[in-house]
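Note that the UniProt record's numbering numbers the sequence shown so that position 48 is 48, with each residue one more than the last.
Just to be clear, a hint being listed does not mean it is correct.
[Unchecked claim] List time: in silico PhoX-like cross-link candidates among lysine-lysine, alpha-carbon distance up to 20 Å:
| hint | residue 1 | residue 2 |
| --- | --- | --- |
| 1 | Lys118 | Lys107 |
| 2 | Lys65 | Lys89 |
| 3 | Lys109 | Lys89 |
| 4 | Lys109 | Lys65 |
| 5 | Lys107 | Lys89 |
It is worth saying that the hints were derived from the structure and are not from the lab.
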Amino acid sequence: MNSAKDIFESWTKSTDKEEDVEEEDLSIVPSLQWEIAQHNYSLDGPIPVDASNEDKWICRCGQSKSYPYCDGSHTQYNIDNGSNVGPLKVPKENGRIVYVCRCGYSKEKPFCDGTHTKLRLIDRKPDDTSLFTSYLIIGASFLIFSYLSFKESIPH
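Turn these sequences into a full structure, and let the hints steer you where they fit.
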């Protein structure tokens, strides 16, 4: 028979077979490499940009309302931040597709290097505090249930 701990741990384990990231790798949290506006941020993976038919101008400031394409937002961003960021031209080439980062942690700015995958895994990994709290709730629920059951079995 499985213990309550085994059953609880099976609920918290990911059934998603994402990328093979080793457990010790999750202890090293990637650092933010560049700023992405909240309306552009996502850990769902990169945005594909197809430059097969025409040149594409990719946003590198992360603020564009047309992300991943440049809309000129870098002009105000540069004034506000004292920077000199501009768009990146992806030249037209038959079959050329590039993948643009939208988490801001890629070291290949503005292109995706897969770091979003590690961030998703870290985000799902329960910390010791949440596990302790969960065990505490299960234990307290068991005690209350036991007390109520015992109380009902005593003749009045």
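Taking the earlier hints as the rules, which of them does this structure contradict?
The structure breaks none of the hints.
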